[in-house]
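J.: Residue numbers (this note's numbering), protein chains in the order written: chain A, 211 to 442; chain B, 13 to 314.
Worth flagging that the hints you see were computed from the coordinates, not collected in a lab. For clarity, every value in this text was computed on a predicted model and none was experimentally measured. Glycine included, each C-beta is placed from N, C-alpha and C at the ideal position. Hints may contain errors.
Unchecked claim - The following label-pair restraints were derived from C-beta to C-beta distances:
hint : chain 1 : residue 1 : chain 2 : residue 2 : range
1    : A       : 408       : B       : 115       : 54 to 62 Å
2    : A       : 404       : B       : 299       : 50 to 58 Å
3    : B       : 51        : A       : 333       : 34 to 42 Å
4    : A       : 416       : B       : 289       : 41 to 49 Å
5    : A       : 426       : B       : 49        : 23 to 31 Å
6    : A       : 391       : B       : 115       : 53 to 61 Å
7    : B       : 51        : A       : 271       : 27 to 35 Å
8    : A       : 361       : B       : 220       : 31 to 39 Å
9    : B       : 80        : A       : 410       : 53 to 61 Å
10   : B       : 79        : A       : 250       : 29 to 37 Å
11   : A       : 272       : B       : 80        : 24 to 32 Å
12   : A       : 296       : B       : 262       : 38 to 46 Å
13   : A       : 401       : B       : 115       : 50 to 58 Å
14   : B       : 145       : A       : 370       : 36 to 44 Å
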Amino acid sequence: MSDIEIKDNPDIKSELQTPPEPGYSEWRKDENTLYNDGLPEEEKDWFCDARPQKARKSVQVIENFLNWARSQSLWILAFGTGCGAIELRPLVTSRYDISRLGMQPRPTPRQANLIMIGGYVSIKTLKRIVRSYEQMQGPKFVVAVCSCAINGGMYWDSYNTVKRIDEYIPVDVYVTGCMPRPEAVLAGFNKLKELIKAGKAEGQNLYIERFDWYKENQKKVIKDWNMPDYNW
Amino acid sequence: MNLAYKIFWAFISLGVVTVWGLTLNGIVHKIFARVQGRLGPPVWQPFLDIIKNNSIRTAISHGVMFYLGPVFRIAGGIGTYMFIPVLFGSVYFSNFSMSGDVLLVMYFIFFGQLGMALGAGEGGHPYSAIAVSRGLAQMTAFEVPFALSVISLALQYKTLSITEIVAAQQGSFLNWTLFTNPLAVIAAMIAMLGMNMYNPFSLVIAPQEIPIGPPTEYQASFLGLLATNRGIFGGAKLVLFMNLYFGGATNLVELIVKTFWIYMLSVFVGAAYPRFRTEDSIRFFLKYPTALGIISVLLFSL
Chain A
211 MSDIEIKDNP
221 DIKSELQTPP
231 EPGYSEWRKD
241 ENTLYNDGLP
251 EEEKDWFCDA
261 RPQKARKSVQ
271 VIENFLNWAR
281 SQSLWILAFG
291 TGCGAIELRP
301 LVTSRYDISR
311 LGMQPRPTPR
321 QANLIMIGGY
331 VSIKTLKRIV
341 RSYEQMQGPK
351 FVVAVCSCAI
361 NGGMYWDSYN
371 TVKRIDEYIP
381 VDVYVTGCMP
391 RPEAVLAGFN
401 KLKELIKAGK
411 AEGQNLYIER
421 FDWYKENQKK
431 VIKDWNMPDY
441 NW
Chain B
13 MNLAYKIFWA
23 FISLGVVTVW
33 GLTLNGIVHK
43 IFARVQGRLG
53 PPVWQPFLDI
63 IKNNSIRTAI
73 SHGVMFYLGP
83 VFRIAGGIGT
93 YMFIPVLFGS
103 VYFSNFSMSG
113 DVLLVMYFIF
123 FGQLGMALGA
133 GEGGHPYSAI
143 AVSRGLAQMT
153 AFEVPFALSV
163 ISLALQYKTL
173 SITEIVAAQQ
183 GSFLNWTLFT
193 NPLAVIAAMI
203 AMLGMNMYNP
213 FSLVIAPQEI
223 PIGPPTEYQA
233 SFLGLLATNR
243 GIFGGAKLVL
253 FMNLYFGGAT
263 NLVELIVKTF
273 WIYMLSVFVG
283 AAYPRFRTED
293 SIRFFLKYPT
303 ALGIISVLLF
313 SL
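So that you can see chain B by itself, here it is in the shape it has in the complex:
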């Protein structure tokens, strides 16, 4: 397949993951509402919010970095997604996975958050600054078990290429990393709870405390961009976890079922637990999941 076709199909798969990520957001809002005894917004509400935010007639910018913040964020989201093979064995939904490995993807996960931190800082709202410091602290903490888990996988499969990691898990569901390296999966899934920022790790957006968090000053199409990225980035992370730990997917139905249930872990935990404080959250990540990650690395290196 030549490059033009590759780019064309990469954009198609980007569209698919955006729609699926935003629909998942809508489903999650519905589930949280049902847990609280409400009916909740319609499933398509995230799409309406994006249209509304992009149709706002005026917008305020606080400077160049403020303007670039959402751009970096969505660049991080698209970059994360573009180097992950979406469907194993499909020539159409493999994006540019041959050009980068899991380390590049981990870099892109970090990149968007750092850009957003700089942009939100220029907004000047104190809640933004508090939330950014909390977010970066927590991100550094949950990155430790996630990185240990990825190192464990690299030792196990002797490769960093996501496609090869997926290929090694084919055959039977017993070949999934979930069953061949359960400690690494547990460490990474706990890290994912932190990444998705639901309770008990919701201290970045922290409703009723520092509501909205970093994007407090963002409005109009800035916010529309951030909300679109929430679909792309959320979907990309789920596809990455599915590929690394749950055997990947060979068709879109399998992808939808697997990513849905991976996401539901965060949602069920989030609906049931109250919020950690910053120091508790960081201590938690650096204790149990990190220990599990170290043990799994030791198991495969000895």
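Looking at chain A on its own, in the form it has when it is part of the complex:
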């Protein structure tokens, strides 16, 4: 209640009114703090509200070596949102066997470097994708498989499906097709390896740089936003 309203209201004696003490979540707010508006008041203290910062790189020579190591040991968080997830089974089993490329599926986002979006992304799933992507530790890479993740595909006029996944998280490599064959996915992974070795796969820092833009896009479609602004 502002001062003007207090003066105008005869029922309230303005001299007795003291301004409210700033609560825990109020006095902490600065440019490095997120508001976490989607959370109920009692849950705000449960979550970290620090704004993510850009990660520093090492010296170029060391960074080149580390990028080579990163490209040789990609751990996949397979996010099977649609039909593209079917392609993962032949990829990890004996016929195509991605483990010979140093890749392995990793069931926890904390340990994965590469999130693979396998197909159309419904709005409900997008929320989970954002959560998983933010819980991954950088440098992290995104490969989007199938036409639906690129332009909506056959779901282009669906009320419930996002059309371009790179408006919500930064995508490094797209693999087109409906559905792409495992060879195409492998070619996509090899392209990603080239990008990593060349130091061009900096999606993590891009996400931090354009954090507000990504958040705005995400919140535009996810109506029931009941999670912190950044899932640490």
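Given chain A's structure and the hints, the job is docking chain B onto it.
T.: Below, chain B without anything else, positioned relative to chain A:
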């Protein structure tokens, strides 16, 4: 040899066992892949994974104990290794085996797992908690036959010092504990199947069920530390079993051959069998290997 030289050579032997343990991991991945009809990752993949994990730019901690978990784990691994004589008769590869005996080594085997259990518990992931409870239950179970086997050895050789146990087995391969006390060796080798956590005792990391297990929340250099420890701790356990039951080694080639084949027992069993459930696994350890251990203790105490 003065203390500084001892420490220097202890670190050299730690490096050797780390490289050998990680290479063994790579070989094992290759073997499992071949059994499944795949080509499998290159043998040096564990090294690449460690470099990658240590080069991750961000890391999340869930608290002090979470931070200390991997530290305790690797302290347990190094501690286990530091009190085992690696090469019999070598002044360079004997570590600090004169300062501790097999009981201290058994304590260190337990220590790392308990530290890890506390750390993983603070991570807060339900799979961590499930896997920790399973792991500690199974560890308590397989520790029974292993402890009985060590007691049997202590009765047989009248000592707890690993160096003296190795010395008593020299001369001919018929002097190995494998031939002089076969029941204790069988009990201990079954306990080792549980320690190495391959099938049928893989319920801690349990792929497709509670994938990853205790380190679910660990990432970046935490995970790099845990993976390094996998080499050190795995290698240390193999060297301990080689010393206690298979006559030890007098040179590095013998060490590599013996530890490789000791490890292969776990791998062959692991590649062939499906997984036990927790209660089945514990019942199994407390039945047959424990019975064998008790018989071998009775044989040498009567």
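J.: Determine for every hint whether it applies to the structure shown.
T.: Structure-based check of all given hints:
1. Checked against the hint of 54 to 62 Å, the C-beta distance between residue 408 of chain A and residue 115 of chain B comes to roughly 55 Å, which is consistent with it.
2. Checking the proposed 50 to 58 Å range against residue 404 of chain A and residue 299 of chain B shows it holds: the Cβ atoms sit about 55 Å from each other.
3. As the Cβ distance of residue 51 of chain B to residue 333 of chain A is approximately 40 Å, the hint placing it in 34 to 42 Å holds.
4. Distance hint check for residue 416 of chain A and residue 289 of chain B: the Cβ-Cβ separation is about 46 Å, which falls inside the suggested range of 41 to 49 Å.
5. Between residue 426 of chain A and residue 49 of chain B the beta carbons are some 49 Å apart, a value that contradicts the proposed interval 23 to 31 Å.
6. Remark: the range hint 53 to 61 Å for residue 391 of chain A to residue 115 of chain B is upheld by a beta-carbon distance near 59 Å.
7. Range check, residue 51 of chain B to residue 271 of chain A: about 32 Å between beta-carbon atoms, so the 27 to 35 Å window is met.
8. For residue 361 of chain A paired with residue 220 of chain B, a C-beta distance near 34 Å keeps the hint of 31 to 39 Å intact.
9. Taken as a hint, the range 53 to 61 Å is violated for the pair residue 80 of chain B and residue 410 of chain A, whose Cβ atoms sit roughly 38 Å apart.
10. Taking 29 to 37 Å as the suggested C-beta distance range, the pair residue 79 of chain B and residue 250 of chain A conforms, at roughly 30 Å.
11. Roughly 28 Å separates the CB atoms of residue 272 of chain A and residue 80 of chain B, a value that falls within the hinted 24 to 32 Å.
12. At about 55 Å, the beta-carbon gap between residue 296 of chain A and residue 262 of chain B misses the expected band of 38 to 46 Å.
13. Separation of residue 401 of chain A from residue 115 of chain B is about 56 Å and conforms to the stated range, judged on CB atoms against 50 to 58 Å.
14. Taken as a hint, the range 36 to 44 Å holds for the pair residue 145 of chain B and residue 370 of chain A, whose Cβ atoms sit roughly 40 Å apart.
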